[in-house]
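We have chain A; now place chain B onto it with these hints.
The chain contents come next:
There are 2 protein chains.
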Amino acid sequence: MSPSVLTNPRAERVKAVRALGRRSARQRAERFVVDGPQGVREVLRFAPKTVTDLYVDGAASQRHGPLVDLARDANIQLHQCSSAVMAALVDTQHPQGLVAVCRPVDVSVEDALADESGFVVLLAHVRDPGNAGTVIRSADAAGARAVILSSASVDLYNPKVVRSTAGSLWHLPIALGGDVTELIAACRERGRRVLAADGAGTTLLPDADLSGAHAWLMGNEAWGLNEASRAQADDVVRVPIHGHAESLNLALAATVCMYASADRSSVKRTS
Amino acid sequence: MSPSVLTNPRAERVKAVRALGRRSARQRAERFVVDGPQGVREVLRFAPKTVTDLYVDGAASQRHGPLVDLARDANIQLHQCSSAVMAALVDTQHPQGLVAVCRPVDVSVEDALADESGFVVLLAHVRDPGNAGTVIRSADAAGARAVILSSASVDLYNPKVVRSTAGSLWHLPIALGGDVTELIAACRERGRRVLAADGAGTTLLPDADLSGAHAWLMGNEAWGLNEASRAQADDVVRVPIHGHAESLNLALAATVCMYASADRSSVKRTS
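Chains A and B, in that order, give the protein sequences.
For what it's worth, the numbering used here labels the leading residue of the first sequence as 1, then goes sequentially.
For what it's worth, the numbering used here labels the leading residue of the second sequence as 272, then goes sequentially.
Okay, chain A solo, but in the shape it has when bound (with noise of 0.2 Å):
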């Protein structure tokens, strides 16, 4: 192996990029860390100048020979590493030989808003990562405007957070925000309707009225909204469930609301 691959896993670069599994660490660092091709491939597509380093080992270098290409041409600082310290650079099973370490891209909550069209996502307590970045990557899909998580949400540049988006991170405004009420009233200033998403609603997602610019305030998996979120809500908007299942899962739920978001104003456009 030639002198400037990185084969110890236990040097102080190493243990400082998987220190970024870690919240804590993120902060003080400002940073955090994509891994895998996808996640990758988008950074350097959408954002290229918040990728600070490429960490790739041998087999990635050949794999995704343009990736690494691009890598160089964006300036960013190449690593080339042993399977050993890809290994212990992230704490996935299956690592897939190429890491990023990138500066954050949320926006703030004032330039989130600062389309007035369309519709943008509230999360509010959303615990689960997997859910998390799966409801961002759903709202980029169905063209939302922005997402915004509350103080409460887990932690957008949470790992799993990253890999549940696909690239989705990079492609629609995320802020974080502070409290929901704060959030609420903030859409409600820009002229959004709020419309809370949630199982008790008394409104049917297809009586909903989603003609003009709006905000989909989506609850925690376990417990929904709570009654103060709801009932600053201009509407609370369920999804009706036909057969005998109790509900639907949050990712689920929140993407046939935004799909209905989406699908009547389209049908809109080509009438």
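Careful: at least some of the hints might be erroneous.
[To be verified] With beta-carbon atoms standing in for the labels, derived distance ranges:
| hint | chain 1 | residue 1 | chain 2 | residue 2 | range |
| --- | --- | --- | --- | --- | --- |
| 1 | A | Glu30 | B | Thr474 | 44 to 50 Å |
| 2 | A | Gln27 | B | Ser275 | 52 to 58 Å |
| 3 | B | Asp382 | A | Ser83 | 50 to 56 Å |
| 4 | A | Ser117 | B | Arg343 | 55 to 61 Å |
| 5 | B | Val276 | A | Glu30 | 52 to 58 Å |
| 6 | A | Gln27 | B | Ser518 | 29 to 35 Å |
| 7 | A | Asn226 | B | Arg316 | 28 to 34 Å |
| 8 | B | Thr473 | A | Gln27 | 43 to 49 Å |
| 9 | B | Arg299 | A | Val5 | 50 to 56 Å |
| 10 | A | Asp207 | B | Asp478 | 21 to 27 Å |
[To be verified] Sample of chain B residues at the chain A side, in silico, Cβ under 10 Å:
| hint | residue |
| --- | --- |
| 11 | Arg316 |
| 12 | Asp411 |
| 13 | Ala415 |
| 14 | Arg434 |
| 15 | Thr436 |
| 16 | Ala437 |
| 17 | Trp441 |
| 18 | His442 |
| 19 | Val510 |
| 20 | Pro511 |
| 21 | His515 |
| 22 | Ala516 |
| 23 | Ser518 |
| 24 | Tyr530 |
| 25 | Ala533 |
It should be emphasised that the hints constitute simulated quantities derived from the structure, not laboratory data.
Glycine included, C-beta positions come from ideal geometry on N, C-alpha and C.
Coordinates of chain B only, in the frame set by chain A:
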């Protein structure tokens, strides 16, 4: 502990239940396992006669008294067991103290297609247990008449599939079919249009004809539907992607498609 409590995790009876984690043992015994209060509650509500045995530990006996009473009233064989036995019965990280041994509930393809209204779902080569179970749960919620799994799909009675259905396994007819070609033909013979859901489809979901009886054909999570299946379908439909996301995952795309079916027929029903 009373002498009627099972305390030996290595007893033959305990090993026989644990073996049902493997497909071959399930097929030999014609039994499968339902783990945890949600699944046990739903099978006791919707198909009590298919439950042969219920294993309960001390904590669950107290917490889920009404469920245990329900099982007793249905003449199901009750086995009190120690927490060590409970942990040995199933291969889950956090046993929840209730394990039922049940007979299969799948129906024939003919029976699944007996109701010729609304929509059904065909799962072709769906391999991931969580995806299969989640689609069954969504199909229930969206009001599908039935779900049919092709022979190349994951086993319906895989413990992870059973858990992911969140009880919907017992809420609507589910059939285990042969190959996809036969299933498509069977649907069309009974007057159903077959709509293949595929990211490569030319018809956008909002433009798809969902007015008559139809069948949604959903492909594998990794490589979608093969050319032959797409060619055999009456239409190939894609969920519109409005942002930069590459795709939605299988369960999300399937749920959006099924709710489009439900929504348009409910709009008709109420207008």
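Would you list, in rising numerical order, the hints stated earlier that this structure does not obey?
Of the numbered hints, just 14 does not hold.
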